[in-house]
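Trainee: Here is what each chain is made of, one letter per residue.
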Amino acid sequence: QQQVKQSPQSLIVQKGGISIINCAYENTAFDYFPWYQQFPGKGPALLIAIRPDVSEKKEGRFTISFNKSAKQFSLHIMDSQPGDSATYFCAATKETGANNLFFGTGTRLTVIP
Amino acid sequence: DTEVTQTPKHLVMGMTNKKSLKCEQHMGHRAMYWYKQKAKKPPELMFVYSYEKLSINESVPSRFSPECPNSSLLNLHLHALQPEDSALYLCASSRTRTAAGELFFGEGSRLTVL
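Sequences listed follow chains E and V, in order.
Its first residue numbered 1, the first sequence is counted upward by one per residue in the working numbering.
Its first residue numbered 1001, the second sequence is counted upward by one per residue in the working numbering.
FYI, nobody ran anything at the bench for these hints, they're computed from the structure.
Warning: the hint list may mix true and false statements.
What the hints assert, rightly or not - Capping the alpha-carbon separation at 25 Å, the derived lysine-lysine pairs in DSS-like fashion look like this:
(1) 94(E) <-> 71(E)
(2) 5(E) <-> 71(E)
(3) 15(E) <-> 71(E)
(4) 42(E) <-> 68(E)
(5) 71(E) <-> 1041(V)
(6) 15(E) <-> 94(E)
(7) 68(E) <-> 5(E)
(8) 68(E) <-> 15(E)
(9) 5(E) <-> 1041(V)
(10) 1053(V) <-> 1040(V)
(11) 57(E) <-> 68(E)
(12) 42(E) <-> 1041(V)
(13) 5(E) <-> 42(E)
(14) 42(E) <-> 1038(V)
(15) 1022(V) <-> 1053(V)
(16) 1009(V) <-> 1038(V)
(17) 71(E) <-> 58(E)
(18) 1018(V) <-> 1038(V)
(19) 1053(V) <-> 1019(V)
(20) 1018(V) <-> 94(E)
(21) 57(E) <-> 71(E)
(22) 1053(V) <-> 94(E)
(23) 1040(V) <-> 15(E)
(24) 5(E) <-> 1018(V)
(25) 71(E) <-> 1018(V)
(26) 57(E) <-> 5(E)
(27) 1022(V) <-> 5(E)
(28) 42(E) <-> 1040(V)
(29) 58(E) <-> 1038(V)
(30) 1022(V) <-> 1038(V)
(31) 1022(V) <-> 94(E)
(32) 58(E) <-> 5(E)
(33) 1053(V) <-> 1041(V)
(34) 1009(V) <-> 1040(V)
(35) 68(E) <-> 58(E)
(36) 1018(V) <-> 1053(V)
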């Protein structure tokens, strides 16, 4: 059973546009929701993360929106750049105790000039 | 130093070979992980070490054998692998097991089994 569902599978955005990737989860015990960015030939890197006590977190051009009642969260990339072209994974875990990190299936983002 | 270093970057081996993947971190992290990643898929957890003790083995075949010699090093010993084991093997670390959401990944070892 997929603990975290992610869409779309792939996304093509024009330079300067907004990229939006959506994720949904079922387990209400999850309390930490990170996003990872992976470039081809590299390992994933933590990009930004949110906890359920806030509805939005912004770091530069990257914003996470969180809807606890809907059990959904999304990544918005403002002013998308060709250098943002990568695969993005949402994830979820429960911080208390030793729990695994559950990844979404990934979104391949291509930003065209 | 916020790096996780993996060697080798690429490895080609036959099904009868024995090889090892190595991982090193000097961030003082006490949890270390092995993940397997197939093309266009998310990383899949294989093993977790917490304070140098194996805490999770996600039903991985015995042809994969992890080892944690000390808090900075993690090895993955490979023996009698199958072609379907070809993948990117990622090492990661976190401050502790409870910080499993904040993983620092290495660049991976690309394994091809012939």
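Trainee: Evaluate each hint against the coordinates.
Mentor: The hints, checked one at a time:
{"no.": "1", "hint": "94(E) <-> 71(E)", "result": "holds (14 Å)"}
{"no.": "2", "hint": "5(E) <-> 71(E)", "result": "holds (11 Å)"}
{"no.": "3", "hint": "15(E) <-> 71(E)", "result": "violated (30 Å)"}
{"no.": "4", "hint": "42(E) <-> 68(E)", "result": "violated (32 Å)"}
{"no.": "5", "hint": "71(E) <-> 1041(V)", "result": "holds (23 Å)"}
{"no.": "6", "hint": "15(E) <-> 94(E)", "result": "violated (36 Å)"}
{"no.": "7", "hint": "68(E) <-> 5(E)", "result": "holds (15 Å)"}
{"no.": "8", "hint": "68(E) <-> 15(E)", "result": "violated (31 Å)"}
{"no.": "9", "hint": "5(E) <-> 1041(V)", "result": "holds (13 Å)"}
{"no.": "10", "hint": "1053(V) <-> 1040(V)", "result": "violated (31 Å)"}
{"no.": "11", "hint": "57(E) <-> 68(E)", "result": "holds (14 Å)"}
{"no.": "12", "hint": "42(E) <-> 1041(V)", "result": "holds (14 Å)"}
{"no.": "13", "hint": "5(E) <-> 42(E)", "result": "holds (23 Å)"}
{"no.": "14", "hint": "42(E) <-> 1038(V)", "result": "holds (13 Å)"}
{"no.": "15", "hint": "1022(V) <-> 1053(V)", "result": "holds (17 Å)"}
{"no.": "16", "hint": "1009(V) <-> 1038(V)", "result": "holds (16 Å)"}
{"no.": "17", "hint": "71(E) <-> 58(E)", "result": "holds (19 Å)"}
{"no.": "18", "hint": "1018(V) <-> 1038(V)", "result": "holds (21 Å)"}
{"no.": "19", "hint": "1053(V) <-> 1019(V)", "result": "holds (22 Å)"}
{"no.": "20", "hint": "1018(V) <-> 94(E)", "result": "violated (37 Å)"}
{"no.": "21", "hint": "57(E) <-> 71(E)", "result": "holds (16 Å)"}
{"no.": "22", "hint": "1053(V) <-> 94(E)", "result": "holds (21 Å)"}
{"no.": "23", "hint": "1040(V) <-> 15(E)", "result": "holds (23 Å)"}
{"no.": "24", "hint": "5(E) <-> 1018(V)", "result": "violated (37 Å)"}
{"no.": "25", "hint": "71(E) <-> 1018(V)", "result": "violated (45 Å)"}
{"no.": "26", "hint": "57(E) <-> 5(E)", "result": "holds (20 Å)"}
{"no.": "27", "hint": "1022(V) <-> 5(E)", "result": "violated (32 Å)"}
{"no.": "28", "hint": "42(E) <-> 1040(V)", "result": "holds (13 Å)"}
{"no.": "29", "hint": "58(E) <-> 1038(V)", "result": "violated (31 Å)"}
{"no.": "30", "hint": "1022(V) <-> 1038(V)", "result": "holds (19 Å)"}
{"no.": "31", "hint": "1022(V) <-> 94(E)", "result": "violated (29 Å)"}
{"no.": "32", "hint": "58(E) <-> 5(E)", "result": "holds (22 Å)"}
{"no.": "33", "hint": "1053(V) <-> 1041(V)", "result": "violated (28 Å)"}
{"no.": "34", "hint": "1009(V) <-> 1040(V)", "result": "holds (19 Å)"}
{"no.": "35", "hint": "68(E) <-> 58(E)", "result": "holds (17 Å)"}
{"no.": "36", "hint": "1018(V) <-> 1053(V)", "result": "holds (23 Å)"}
In summary, the numbered hints that this structure violates are 3, 4, 6, 8, 10, 20, 24, 25, 27, 29, 31, 33.
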